[in-house]
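K.L.:
Here is how the chains run, residue by residue.
Protein chains: 4
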Amino acid sequence: MKLTVLSYKGGVGKTTTSVHLAAYLSQRGKTVLLDADPNSSSLEWAEMGKLPFEVRPLEDPGKLKKFAHIVTDTPARPRNKTLRELVRESELVVVPTAPDQLSMRALLKTVEALREFLVPYYALITLIPPPPSKDGSEARKTLLEAGVPTLRSEVRRWAAFNRAALAGTTVREVRGDPRAPLAWLEYEAVGRELEWLSQG
Amino acid sequence: MKLTVLSYKGGVGKTTTSVHLAAYLSQRGKTVLLDADPNSSSLEWAEMGKLPFEVRPLEDPGKLKKFAHIVTDTPARPRNKTLRELVRESELVVVPTAPDQLSMRALLKTVEALREFLVPYYALITLIPPPPSKDGSEARKTLLEAGVPTLRSEVRRWAAFNRAALAGTTVREVRGDPRAPLAWLEYEAVGRELEWLSQG
Amino acid sequence: MKLTVLSYKGGVGKTTTSVHLAAYLSQRGKTVLLDADPNSSSLEWAEMGKLPFEVRPLEDPGKLKKFAHIVTDTPARPRNKTLRELVRESELVVVPTAPDQLSMRALLKTVEALREFLVPYYALITLIPPPPSKDGSEARKTLLEAGVPTLRSEVRRWAAFNRAALAGTTVREVRGDPRAPLAWLEYEAVGRELEWLSQG
Amino acid sequence: MKLTVLSYKGGVGKTTTSVHLAAYLSQRGKTVLLDADPNSSSLEWAEMGKLPFEVRPLEDPGKLKKFAHIVTDTPARPRNKTLRELVRESELVVVPTAPDQLSMRALLKTVEALREFLVPYYALITLIPPPPSKDGSEARKTLLEAGVPTLRSEVRRWAAFNRAALAGTTVREVRGDPRAPLAWLEYEAVGRELEWLSQG
DNA sequence: TGAGTTAGAATGGCACCACCCGTC
DNA sequence: GACGGGTGGTGCCATTCTAACTCA
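Residue numbers (the numbering used here), protein chains in the order written: chain W, 109 to 308; chain R, 109 to 308; chain Y, 109 to 308; chain E, 109 to 308.
Take every hint as true, because none was put in to throw you off.
One copy or any two copies: either way a pair holds, since identical chains are not told apart in the list.
Calculated pairs, BS3-like style, for lysine-lysine (alpha carbon to alpha carbon, straight line, at most 27 Å):
id	residue 1	residue 2
1	K110	K171
2	K158	K174
3	K217	K189
4	K249	K158
5	K242	K158
6	K217	K158
7	K217	K110
8	K158	K138
9	K171	K189
10	K189	K110
Think of the hints as simulated: they come from the structure by calculation, not from any bench.
Can you build the whole structure from these sequences, using the hints too?
P.N.:
Structure (structure tokens):
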């Protein structure tokens, strides 16, 4: 599968989503994560520890034939030309967003830009605060009303994700945190939903 | 005062910081917030409600002579040339960061770029999760060890900030949330510290 | 600083004010609270828990040389002779009052008695009910018209103060009440204003 | 009936209770309120407006034979000798208290002093904050456990009482406040309970 | 003019959950 | 590794209080 993770706004879980979706896909086949972000977040994540897939800079991707799955982590505000190139090669675009006002606005702009390209895209609500906050469900309602195709799976805001970034691994490998398995389950659900969408 | 709020990474409270520092300064004198972000977050924030200061796009700032205070909200990843122009006019640069791994890395890069310019800059830790999480204090320690000048004041992660963005106001005007006054006090402390730093 | 907290009427926050101002001053230097009230409210407050300063009965104050700050909590209706002795040693007298009719009347009498002594005194409006009640601002107006020097800082009626009295601590230490920090800030503002007045 | 309203602590509704119980009794027969408080709260209350009974200073009570009911409003902290004289003439002592920590402590002291005299006394919980605060019921429980005889009737903290003090009347006469009649009902219940207790 | 009604703001208490830190 | 306690943020409900409006 060729996935692009894209968002006009930073801090919405773009890198975390890229890393964990790549980790999910690597269970199915050889996977590479292409980092197009000028902050090189994914590359640095990989340097810190051990990820079950390769991470390469987009500028120097090397040969990609051997990979069954390619995930691309994009810069926060790609120019239109870059955006076109990024999207042209993708089967699917995932647009993560946090359920707050500023992120939702940026999401709508991202989606508007994506409409031009004939690529299927799906919003993914991440960083959902715990109940009794209704931010998550309200964000979903807003997206529904705006007609934005949205993944049913969603990702909560867990401290385990930060631990994973600190250790250079995915939450699946995080030890000593009883919620880390839950966090991994959430991205597994996202991965399965994406597989289903790309096959159906 | 001429403030620039700058960060290489998005989602670290850059716009929230810009809006609230401008609100703080508007208590002291006529203030304008220049929005240089391609997402126009600040401009949209202002459109939703009523802020106690003007917000203008950086491309079309108009006459600025009448303003005692100018705050500039920058794009997430300005190019070096843009960065130079933004910083040249500033007395002070504030670099907000969240206390997580990815944000801290980006902060260090931001700071590295700022060292070239002869402008005083200060990191501001925002979006601090509530105790017993020690993310805030650990981030501070990391910054101290890295030799990054850091504001003693800090800003916690409050739901009231999202409410303010929703209403197009500052947290000072948010009704129905008992923690909103506390949230405002935090930015007031930041403002006071910046005033003190610019005078001393 | 040598502070006396004085009021002809009870139930206006005299003991609460004494305890919290002593707590504020104990941040600056070694502080003692002298309890001159026959009900020994302050002493009992201290017995219940742990205050960051000593509390002693006025009759047996012991050696006071080592203290940088002395706060005296007076009885509700001291006789003139006692009043003179209490006030003679003070640099500053704080007269708390609630914003109701009976308390305001008693305040005016207190102030009249204080005029004889050459000591600076300031009224402090406490126990202010929440908006939309205007009791607080109306009390301030009344005091202004009566020419009573009044602190700009004021203290609202919070349940957290009762919790602090129950636990034998200050509101700063009260856990589980989101408004407790706000309550503490109010007394901090009072303390700062008094410091400023005594220095200027 | 000869009633004494007594409390070691101020600000617990002593004067309000005296005034309203006297107003209640004046419906049954000629009533006088003797003000023994050095702050002369009751006298000043009477001066402001029109009460349905006479108010006289205790020092100069005049002839009292013509009165069917005598209510005495005592000073906040009477000396033992004064206390004896006040109580000797009373059929009943009412000890108002607010449901907070400091007031309850003072109440226990008051009651302890009253035990020496062979006079029936009853605690009256006043100034009860609105639900969901449980201060009122908790105070009642505390008194029950301490073995203090307590009136079942109780008085809530209404803004109307302050309005009455401002106008120099009782809450029964307060206009424009929908809760004033309720407030009056509460003191009527207290009066009826006291009558029943003095007769039975 | 006066009384009743409604809307808005604010407090207090509670339920729910996440996080950290002990102990077992 | 599992579990419980302590701390704290969020949303909800009941209540009070004021102001503005309506009605007689």
